[in-house]
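Enquirer: Given next are the chains, with one letter for each unit.
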Amino acid sequence: MNYKNYNIKKFQYNSKNIAILKRIFKKMVYIRFFELNAYESRKEDKFKTLIYLCLGQESIYASVSEALKNVSIFGQHRGHGIYLSYGGDPRKLVDELIGLQTGTNKGMGGSPPIFDKKIGMFGHVGLIGDQVPVAAGYSLIKKNKTVVCFLGDGAAEEDYVLATFGFVKQYNLNIIFICDDNDLSVLTKTKDRRKWKLNEIVKSFGLKAMDITDDPLTIYYSIKSIKNKLPSLINIRTCREYWHEGAGKDKEGKSFWNRYQIVRKKLIDLKEQNFVLQNEKIYKNKMKKLWKKQLLKL
Amino acid sequence: MEKTVAETIRYLSKKLLDNDKGIIIGQCLSAVGWVQNTVPAQKKGIIELPMTDVAGAGFAVGASLANIRPIFILRFQSFLWLNASPLINHAAKSKEMFGYGAPVFIRAIASEGPSSGPIHTNCYHSPFAHMPGLPICAPMTPGEYKEIWKNYLKKDLPMLVSEHRRSYKEKLEFQDKIFPKAKLSLFLISASRFEGDKILKLLRSNGIYVDVFHILWLKPFKFKKSYMKSLLKTKIGLVVDSTYEICGVSEHIAFKLMHSVKGSKVYNLGMKDKSPGCSPNLLNGTPDAFEIIKKIKTLIK
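Chains A and B, in that order, give the protein sequences. When you line the first sequence up against my numbering, it's residues 1 to 298, in that order. When you line the second sequence up against my numbering, it's residues 299 to 599, in that order.
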């Protein structure tokens with residue numbers, strides 16, 4: 001099924017919404033060019049660590065970070081976008097990905113464990129869904145802080161993740177779960193793994209839940225509407241462009257939609273072509289330079 | 299008045315909760331006598347978990363990241379199997395992977411006898427000793443409990459505390475016993491330590507002397523000079539534990555001792571390699587004084 005417009009909200013593109021969309025797109029450009037350089041460098045075998053690219057899913061992290069600020073963050077293995085959109089140091093991220101001691105985790109684990117306490121982001125151990133009960137336990141103590149916990153549609157099937165939904169409702173925790181639903185567990189489709197829908201299961205535990213596509217303003221306003229009704233979950237349909245791990249494409253054109261290109265076109269239609277081209281140029285050069293410089297350390 | 303082990307655990311826990319520095323988190327904490335009277339009977343700081351093993355350990359690990367000290371209680375050590383992943387993959391590795399600690403105090407409680415059966419009987423500290431980042435101890439006296447608690451509070455690391463129900467009513471402290479005429483060095487772990495005095499008494503009546511050492515820290519194993527001196531004298535050692543004999547901590551410690559003292563031979567003794575049952579003919583628990591003496595006699599022949 002194509003979820004490109006799934007539960008998408010219709011917006012008036014007034015100056016306020018255009019400004020929001022532009023801020024989100026700027027982060028999407030940043031993440032995209034960072035990831036494209038990671039992809040190229042890995043493809044050329046410049047490094048061999050575990051790498052999980054989030055190309056195709058940029059709008060989720062860019063939009064969530066715009067809607068939810070000053071939060072504690074628990075990410076998962078595909079976390080470059082989370083780290084970058086919340087303000088993590090990109091040099092440290094490159095260093096971690098290329099296995100240097102100067103990386104976020106001193107070269108411990110490639111993509112999965114990246115973290116930055118300065119931005120409130122905790123590390124992930126690499127086991128899918130492990131971060132979900134851990135985030136809930138943290139939230140149990142830090143009641144006045146909003147906790148954002150990212151998970152994938154595969155992680156949502158872990159028994160300990162499902163148990164966590166019951167726990168957060170029992171203690172009415174100040175936590176929001178964001179599910180990056182790319183419909184894939186490595187390469188296995190959701191329909192081959194389960195018959196149930198995450199948002200329905202979560203609702204049955206008593207949480208508020210939504211199921212939407214990865215349109216930036218839809219994400220942004222969905223979060224705004226739900227952030228005072230926590231604990232909650234938003235399942236966001238998205239398309240992973242590249243391999244589960246490493247650098248490669250499963251099959252050209254396999255993604256149903258490319259949200260980056262859709263948002264880009266929308267901004268150009270809104271007469272924001274200069275903004276689009278200027279930011280693409282800036283981040284293209286900036287990220288290329290960054291990767292080149294850090295790779296010289298190898 | 300001196301405190302029992304259970305009273306000591308309750309006292310230290312209460313102090314932590316009343317000072318808002320920690321929580322006690324676990325399943326069925328208030329039921330059946332507040333975990334053998336080791337948990338303070340109060341609401342403040344007590345988190346009753348749903349029956350969600352695995353996730354339960356994750357909640358405890360998460361709480362430890364929020365600048366408090368969670369005491370995570372597993373009423374049987376068998377529950378360690380279900381809760382293993384967050385404890386060994388997150389809490390134990392956190393310091394190395396992220397540079398910040400996840401100081402969960404894991405109270406894993408062993409029991410044995412006809413009411414324990416094939417799953418819940420005795421200790422499972424051995425498989426956890428295999429993984430990096432998780433100190434493991436087996437305190438059996440009030441003084442030892444205070445010592446390991448102090449050690450835990452000093453660092454921001456998790457700790458696996460292999461408790462045994464048999465210790466809860468005890469007030470005594472154990473002392474190592476060393477004899478010039480000793481023919482064997484005996485190293486006791488967990489509930490086997492309660493057999494020490496009986497072993498000495500029975501052997502002495504036969505004119506046999508052994509040195510007896512009480513092991514508190516399983517990982518890292520603290521090698522004392524007195525162990526070496528004793529083994530240099532006796533050349534034969536025996537390590538006894540309240541868990542399976544093969545592939546476990548006692549075998550590992552025996553190996554370490556043997557390689558530290560040239561020419562010595564150190565053996566180990568524990569539960570037999572079969573599942574214990576409730577029926578008297580199926581019991582398989584901590585080796586008692588008679589089993590240990592039987593083994594000692596074959597070794598010193």
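Warning: the hint list may mix true and false statements.
Label pairs and their computed distance ranges (CB to CB) [claimed, not checked]:
#1 A:K208 - B:S573: 55 to 61 angstroms
#2 A:K169 - B:H557: 20 to 26 angstroms
#3 A:K9 - B:L380: 39 to 45 angstroms
#4 B:K452 - A:S15: 29 to 35 angstroms
#5 B:Q340 - A:K9: 47 to 53 angstroms
#6 A:K117 - B:P478: 53 to 59 angstroms
Simulated from the structure, these hints should not be mistaken for lab results. Everything numeric in this text was worked out from a predicted model, so none of it was measured. Built from N, CA and C at the ideal position, the CB exists for glycine as well.
Enquirer: Confirm or reject each hint.
Expert: Right, here's what the structure says about each hint:
no. : hint                                : verdict
1   : A:K208 - B:S573: 55 to 61 angstroms : violated (47 angstroms)
2   : A:K169 - B:H557: 20 to 26 angstroms : violated (54 angstroms)
3   : A:K9 - B:L380: 39 to 45 angstroms   : holds (42 angstroms)
4   : B:K452 - A:S15: 29 to 35 angstroms  : violated (57 angstroms)
5   : B:Q340 - A:K9: 47 to 53 angstroms   : holds (49 angstroms)
6   : A:K117 - B:P478: 53 to 59 angstroms : holds (57 angstroms)
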